[in-house]
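Chemist: As a plain string of letters, each chain reads:
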Amino acid sequence: MFSLATLLYLSALLFSIGTYGVLARRNILVVLMSLELMLNAVNIAIVSFGRAHALTAFSGEHGGQIFTLMVLAVAAAEAAIGLSLLLVIWRRWKSIDLRQLCRLNG
Amino acid sequence: MDIHLLWIPLLPFLGFVFNGLMGRRIGTRAVSAIACGLPIISFLISYRAWRHVVDVGSPQHWDGFPWIWIDGLVEIPFSLHFDGLAAVMCLVITGVGSLIHLYSIGYMRGDPGYHRYFAYLNLFMTFMLLLVLGDNLLLMFIGWEGVGLCSYLLIGFWYEDDANCAAGRKAFIMNRIGDFAFLLGIFLCLTHFGTLAMSALTDVNQIQTVAAQTLTIPLLGSVGLVTTIVVLLFIGATGKSAQIPLYVWLPDAMAGPTPVSALIHAATMVTSGVYLCCRLMPLFQAAPAALTLIAGIGACTALLAALIAFGQNDIKKVLAYSTVSQLGYMFFAIGVGAFSAAFFHVVTHAFFKALLFLGSGSVIHAMHHQQDMRKMGGLRKQLPFTHLTFLVGTLAIAGVPPLAGFFSKDEILFAGFEQGFLAGSGASMLFWSISFLTAGMTAFYMIRCVAMTFWGESRIDPDLEGKVHEPGGWIGLSLLVLAIASALGGFLNVPEFLGGNASLGHFTGLQQGHEGLSEQDLHSLHAAEWQSMILSLLIAGSGLLLALHCYGKGKDLRRRFVESGPGQLLGRLSANKFYVDEFYNAVFVRPFETISHLMFILFDRILIDGILVSGTALLTRNIGHLFRKMQTGFIPGYLLTFACGVLVLLFMLLNFLRQGGAQ
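Chains A and B supply the protein sequences, listed in that same order. The opening residue of the first sequence carries number 223 in the working numbering; numbering runs sequentially from there. The opening residue of the second sequence carries number 719 in the working numbering; numbering runs sequentially from there.
Hints listed in this document are in silico derivations from the structure and should not be mistaken for laboratory results. In this text the structure is predicted, and so the values were computed from the model without any measurement. Note that CB positions come from ideal geometry on N, CA and C, so glycine has one too. Honestly, I wouldn't trust all of these hints.
[Claimed, not checked] A short, non-exhaustive set of chain A residues, derived as facing chain B with CB atoms under 7 Å:
#1 L245
#2 I318
#3 L320
#4 C324
#5 R325
#6 N327
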């Protein structure tokens, strides 16, 4: 079995990759994918903490898993909304490039 | 407690309220009935009160109610006083006023502002009666301001024309200048007499105590207190009664409807300055230096206005300048101490000047609002009745015996004669000569006015020919009554040397008695009065004859004079009113406008608009410009900032935890 530290390193690595993707990529679709990556990195961290502190945590033995399931559900909803917004933006401006979508500049 | 005195001013006020609020709805017939009926009732009440004063021989008084008071310091009641002076004035105001109301029914027929006109006219009556009846200076001042307001409203009655509104404003502002001095006079009276009651201000003992005091004025040095008060009150009177230097508003006031000119700007309101002087006669008599000033201003105004009247072609303007000139006469009389003569002239002038104005109104009405005498002429045939009554007024003002103006003007000229030549006062001699000359000029310019309007060949617009006809009904009736009054008014105050008993002068308490004189002195005085009368008859007669000649057969004489050098100069000066308006414009109005404009630029445009308002906006806008560059609208950019912030926070948290752990 992996130790908690190893799992947290994995989580941090995934989160950093996701953050880079969100900040650096111009395609909204890729940005959304990167967001999913960040969410899943957090999920890994939650599950790891849940297992390491299963007996002492206030949330009980399966708290980590339950939390992760909640996050997955919210992520699904978020993805649905994000994709539909994406669709609308595409229909309206025929572009999903963030550089071309900065209409709120001052 | 004669509370019925209150009804005299109150009735016209009710008419004002009713016509002002409901006039539009109740129809012209009801408006006229109310507007004319109430002043007539007022006249009847005044008449009854006058009878009472005559029978009982003592004035009537209404104590009224406390109006303004500061405990132990000032107490000004709202009280009315009805003595001989007020009685005559009330009868003139309500009598002539009612006639002019009746006249207005004919004159204003069909005007869209019919009810508004009558409401203003009734309000004017209210204030004028309050001015006359008020038993203290402040109440008088309320009336004084009120008639000024009504005058303004009625001059600008046809407000669609900007010129009328300008004339109204001019009248109001000129009056305000005078009123300011009047108010200062009231304040001085209040501080030094401790009261504003007429009885205290005319009490000889109190005046003597005050007269001993002096007042230090910058530039003038030490001035007698009573002199200061009298001069200030007189400045107030110059505003209302159109004397130099504040007379310029009155000729412009002719922009109003003609009955208004007759009532307000000839018969009543403009004489209120003279009334003020008569009311406070003992106070004025205690200031001989001020009286000399008054006589000088009066005589000069009489002359200047008469000179201007020569060159005017607007029939109402001629009459307006003649009013200014006659008012000058009245002040001249006051200046030489003949208060009785001044007041007598107020009464007779009210009759014949109202008559002349209403006559001119009749002409203007018949001519479809044509006022230029150069486009009249020969109206005698179309308007025989108006011509006759106008002629009566003209002869009355020219001083032809036995019409009203003869007696009053003769009395004034004699008073000047007496003070100038019998008492040997140099200034009075000069002022008498000026007034004496003016008497001849009055006859001349009035005949000129009649000749240009009624005599000679017709110069009427061909379109109007045949349409000119005599206005009948109320207009004719008013003219008739006033013509009779103008013809007989002089017999109110026939002087003693002509076999009369100067009844008006004695009744009003203004006549100075000759009780102290010996038989011989009285005889020589009467001889002097005969001399003065013959002199004034001669000058008036020569003025008349010269005018008749110039505007009759001697046209060549007139043309030769007009074409000669001095004649041309005089003509141009007269037609341009001696450039007084231009002078005032250059000296007062222009600089004032320039300063105002400068202030406008400096404070309004630069300080308030520029620095305070636009400056604040500009500041926030420029600061905003600095920061708006941060809002790129590029989402990854915001996210980067956000991530950096989170990193910094995380780092700080870790640092904190590490330090906390170390402790």
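Chemist: Please check whether R325(A) passes as an interface residue: C-beta within 7 Å of a C-beta belonging to chain B.
Modeler: It holds, given that the least Cβ distance between R325(A) and chain B is near 6 Å, below 7 Å.
Chemist: Verify the interface restraint on C324(A): the C-beta must sit less than 7 Å from at least one C-beta of chain B.
Modeler: Holds, about 3 Å.
Chemist: Answer holds if the nearest beta-carbon of chain B is closer than 7 Å to that of I318(A); otherwise answer violated.
Modeler: Interface hint status for I318(A): violated (12 Å vs cutoff 7 Å).
Chemist: Holds or violated: is the Cβ of N327(A) closer than 7 Å to a Cβ in chain B?
Modeler: holds, 3 Å
Chemist: Would the hint on L320(A) be counted as holding, given a Cβ-Cβ threshold of 7 Å to chain B?
Modeler: This hint holds: L320(A) lies near chain B, its Cβ roughly 6 Å from the closest one there, short of 7 Å.
Chemist: Taking the closest Cβ pair, is L245(A) under 7 Å from chain B?
Modeler: Since chain B brings a Cβ to about 5 Å from L245(A), closer than 7 Å, the hint holds.
In summary, the one numbered hint that this structure violates is 2.
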